[in-house]
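Enquirer: Here is how the chains run, residue by residue.
Number of protein chains: 2
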Amino acid sequence: MILHDYFRSSAAYRVRIALNLKGLQADRRYVHLRRGEQRAAPYLAVNPQGLLPALEVGGGRTLTQSLAIVEYLEEKHPNPPLLPPGAEDRAWVRAIALAIACDIHPLNNLRVLQYLGRELNVEEARRDDWYRHWIRVGFEAIESQLMQRAADRFCFGEAPTLADVCLVPQVANSQRLKMPLAPYPRIGAINDACLALPAFAAARPEVQPDAE
Amino acid sequence: MILHDYFRSSAAYRVRIALNLKGLQADRRYVHLRRGEQRAAPYLAVNPQGLLPALEVGGGRTLTQSLAIVEYLEEKHPNPPLLPPGAEDRAWVRAIALAIACDIHPLNNLRVLQYLGRELNVEEARRDDWYRHWIRVGFEAIESQLMQRAADRFCFGEAPTLADVCLVPQVANSQRLKMPLAPYPRIGAINDACLALPAFAAARPEVQPDAE
Numbered sequence: 001m002i003l004h005d006y007f008r009s010s011a012a013y014r015v016r017i018a019l020n021l022k023g024l025q026a027d028r029r030y031v032h033l034r035r036g037e038q039r040a041a042p043y044l045a046v047n048p049q050g051l052l053p054a055l056e057v058g059g060g061r062t063l064t065q066s067l068a069i070v071e072y073l074e075e076k077h078p079n080p081p082l083l084p085p086g087a088e089d090r091a092w093v094r095a096i097a098l099a100i101a102c103d104i105h106p107l108n109n110l111r112v113l114q115y116l117g118r119e120l121n122v123e124e125a126r127r128d129d130w131y132r133h134w135i136r137v138g139f140e141a142i143e144s145q146l147m148q149r150a151a152d153r154f155c156f157g158e159a160p161t162l163a164d165v166c167l168v169p170q171v172a173n174s175q176r177l178k179m180p181l182a183p184y185p186r187i188g189a190i191n192d193a194c195l196a197l198p199a200f201a202a203a204r205p206e207v208q209p210d211a212e
Numbered sequence: 213m214i215l216h217d218y219f220r221s222s223a224a225y226r227v228r229i230a231l232n233l234k235g236l237q238a239d240r241r242y243v244h245l246r247r248g249e250q251r252a253a254p255y256l257a258v259n260p261q262g263l264l265p266a267l268e269v270g271g272g273r274t275l276t277q278s279l280a281i282v283e284y285l286e287e288k289h290p291n292p293p294l295l296p297p298g299a300e301d302r303a304w305v306r307a308i309a310l311a312i313a314c315d316i317h318p319l320n321n322l323r324v325l326q327y328l329g330r331e332l333n334v335e336e337a338r339r340d341d342w343y344r345h346w347i348r349v350g351f352e353a354i355e356s357q358l359m360q361r362a363a364d365r366f367c368f369g370e371a372p373t374l375a376d377v378c379l380v381p382q383v384a385n386s387q388r389l390k391m392p393l394a395p396y397p398r399i400g401a402i403n404d405a406c407l408a409l410p411a412f413a414a415a416r417p418e419v420q421p422d423a424e
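Chains Z and A, in that order, are what the protein sequence lines are.
Note that this note's numbering has the first sequence beginning at 1, numbered continuously upward.
Note that this note's numbering has the second sequence beginning at 213, numbered continuously upward.
For the record, the hints were derived by calculation from the structure and aren't laboratory data.
Among the hints, a few may not be true.
To be verified - Not the full set, but computed from the structure, chain Z residues with beta-carbon under 8 Å of chain A:
{"id": "1", "residue": "K22"}
{"id": "2", "residue": "L24"}
{"id": "3", "residue": "Y30"}
{"id": "4", "residue": "Q49"}
{"id": "5", "residue": "A91"}
{"id": "6", "residue": "A95"}
{"id": "7", "residue": "D103"}
{"id": "8", "residue": "V122"}
{"id": "9", "residue": "H133"}
Claimed, not checked - Here are the in silico distance ranges between beta carbons for each label pair:
{"id": "10", "chain 1": "Z", "residue 1": "E158", "chain 2": "A", "residue 2": "V419", "range": "31 to 37 Å"}
{"id": "11", "chain 1": "Z", "residue 1": "S144", "chain 2": "A", "residue 2": "G329", "range": "23 to 29 Å"}
{"id": "12", "chain 1": "Z", "residue 1": "D152", "chain 2": "A", "residue 2": "R344", "range": "40 to 46 Å"}
We put the CB at the ideal spot given by N, CA and C, even for glycine.
Please model the entire structure based on the sequences and the hints provided.
Expert: Encoded structure:
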């Protein structure tokens, strides 16, 4: 497998964690988002959406969209599982993942911040307010949902799931914007529990070969 | 089951289509988004995220996030299937769905348009430009991915999948903003094929009991 990756892409970070949790190896191709390599012809031939990550899985198939990739890894390599057995519980875990992947992360994507700056003349301080606003709104709701299972070590139960795979990269983004985690004690505790595991620690942006 | 619904919510529209395709009935509770009922205590007790849809499935369980709900319906009621059998093909279908659900729809959500207007003083014409921009960027990429299977009647194959469930509501949003579908012939043809099916036609916003 070949993972098209960038150290600071939080969607790619999710896939790095999932690969590590499953004990899978993938070669890397680095796509420099700040230099716009995702919009250049070589990468558009891999993923016409021009977004990271993409995972080449052989047989000429390239998978896109981080959650679709993690679900694929789950189907092909079910152990250790990243989703619990019961359908209602699986939906609960997926809902946490989607609350991050749909309702926080896309609003704070690089291309969106660039549109705010270039097209709408929103200055940097107000772009940072925007960034923090959507994390705050999202984290408040997620914290309240996670409190439904307050005794668990991870988002759901005693082992990481798809929800943790999405939560940890989003926490990393909040910390880049210097947002305190104190208002979200459950998110903070889960983040600590995850980063104590080598699969999460080795996927962090700052330890990637392309980190700057 | 009880679906918390609003005629114009395109995330709720996805779940209405999926329920219809599966031949499932759900009672309805209407949450008026324009009046802010999603942020009032009664609905926040159902879904602390304050977003639609939510599906009460019995046993005190309430599911949130439209894609998590559709995956749940797929697991509990596998026929007719909304995902193909092969893992790579399932990932392809999910990637189309997520390209809409993560990379177009959240940017054009009501709460985001309200933030642009109220907090960033972006006037209506430039909010509409924003809305159209993200649909255009998203549809261009999705059109190119759908052309990989140009001979199919639907996004994937000869029956609707999760990808179609997400595509049709997004096309409806583009049409509310008077965007022509001509640049996206494959999206247009798939949209027509879907709306010829009663499951899609009966889920349209304009035929819901709470439509205005």
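Enquirer: Are the hints correct? Go through all of them and say.
Expert: Hint check:
A least Cβ separation of about 14 Å between K22 (chain Z) and chain A goes past the 8 Å threshold, and the interface hint is therefore violated. The beta carbon of L24 (chain Z) is not positioned within 8 Å of any beta carbon in chain A (closest approach about 14 Å), and the interface hint is therefore violated. Proximity of Y30 (chain Z) to chain A is violated relative to the hint, the smallest CB-CB distance being about 21 Å (cut-off 8 Å). For the restraint placing Q49 (chain Z) at the interface with chain A, the shortest Cβ-Cβ distance is roughly 4 Å, inside the 8 Å limit, so the hint holds.
About 4 Å separates the beta-carbon of A91 (chain Z) from the nearest beta-carbon of chain A, less than 8 Å, and the hint is met. Hint status for A95 (chain Z): holds, given a least beta-carbon distance of 4 Å to chain A, under 8 Å. This hint holds: D103 (chain Z) has a C-beta 6 Å from the nearest C-beta of chain A, less than the 8 Å allowed. Of the supplied interface hints, the one on V122 (chain Z) holds, with its beta-carbon coming within about 6 Å of a beta-carbon of chain A, less than 8 Å.
With 8 Å as the threshold, the beta carbon of H133 (chain Z) comes within range of chain A, its nearest partner Cβ sitting at about 7 Å, so the hint holds. In this structure the supplied range 31 to 37 Å is violated for E158 (chain Z) paired with V419 (chain A), their Cβ-Cβ distance being about 47 Å. At roughly 27 Å, the beta carbons of S144 (chain Z) and G329 (chain A) sit within the given window of 23 to 29 Å. Between D152 (chain Z) and R344 (chain A) the beta carbon distance is about 43 Å. The supplied range of 40 to 46 Å therefore holds.
Violated hints, listed in ascending order, are 1, 2, 3 and 10; each of the other numbered hints is respected by the structure.
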